[in-house]
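Q: Throughout, the numbering used here is defined as the position within the sequence shown, counted from one, plus 5.
Rather than coming from a laboratory, the hints here were simulated on the basis of the structure. Given the structure is predicted, the values throughout are model-derived calculations rather than measurements. One or more of the hints may lead you astray.
Straight-line distance between alpha carbons at most 30 Å, and here's what the computed DSBU-like set of lysine-lysine pairs gives [claimed, not checked]: (1) 178 / 111; (2) 60 / 45; (3) 20 / 167; (4) 96 / 45.
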Amino acid sequence: KEHNFDHVIFSTFTKNLQQQIYTEFHKFSLDIEPLVIFGKSSYICPDKLSLLPEKEREIIAKLKPGELLKKAAVTSYYCSQEYRKLCPHRKNCEYVQTLNQIENSKFLIVNHFLLPHILRRLDDRRILLVIDECHQLLSKRTIHIEKEDLLEPEKPSPENFKTIQEFNLAYEKYMIQLQKYRLAKKYNIQSPGRY
Numbered sequence: 006k007e008h009n010f011d012h013v014i015f016s017t018f019t020k021n022l023q024q025q026i027y028t029e030f031h032k033f034s035l036d037i038e039p040l041v042i043f044g045k046s047s048y049i050c051p052d053k054l055s056l057l058p059e060k061e062r063e064i065i066a067k068l069k070p071g072e073l074l075k076k077a078a079v080t081s082y083y084c085s086q087e088y089r090k091l092c093p094h095r096k097n098c099e100y101v102q103t104l105n106q107i108e109n110s111k112f113l114i115v116n117h118f119l120l121p122h123i124l125r126r127l128d129d130r131r132i133l134l135v136i137d138e139c140h141q142l143l144s145k146r147t148i149h150i151e152k153e154d155l156l157e158p159e160k161p162s163p164e165n166f167k168t169i170q171e172f173n174l175a176y177e178k179y180m181i182q183l184q185k186y187r188l189a190k191k192y193n194i195q196s197p198g199r200y
């Protein structure tokens, strides 16, 4: 039936729930294929993968989806919008290809973490938003603070690296440590542990 929405977005809390919605969607025998967008860490970064030793690349190639090695996953800090334009692997990157389909997809299945990003990309569109597990939108997360997270990290400088990829890896590590350092300062955490 015709409706006045440009997009219908289903947002839920976990990858398993996204897959469940996808399965249920197909029970209606619609001629439309929904676009499922998982969190960044569910996608292999081909640029980071190219930096790993061949043996590790072979292991990652054999993994099933959802078993990604953390060091080869897409992250916000490594895959910044600026670097995405320069990345030599952007044409083979499943994550970038998925993002490029957002505007043209009628039905999207996303997780709560991605929802604000998706809504910003579609801010001028008419959207029907369906939220599953709504109580999880503001759920509390835990963080593991190591001893080194209590010290302010030193920001890497691009001139100290041979390639932009090496700098990106160092910057990614720096940003994660900085985020933990700031959280520790904000909440007056003074010893390692899970908070």
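Q: Each of the hints needs a verdict: does it hold here or not?
A: Cross-check of the supplied hints:
1. 178 / 111: Violated, at about 36 Å.
2. 60 / 45: holds, 24 Å
3. 20 / 167: Violated, at about 37 Å.
4. 96 / 45: holds, 16 Å
Figure legend: structure checked against the earlier numbered hints; hints not met, in rising order: 1, 3.
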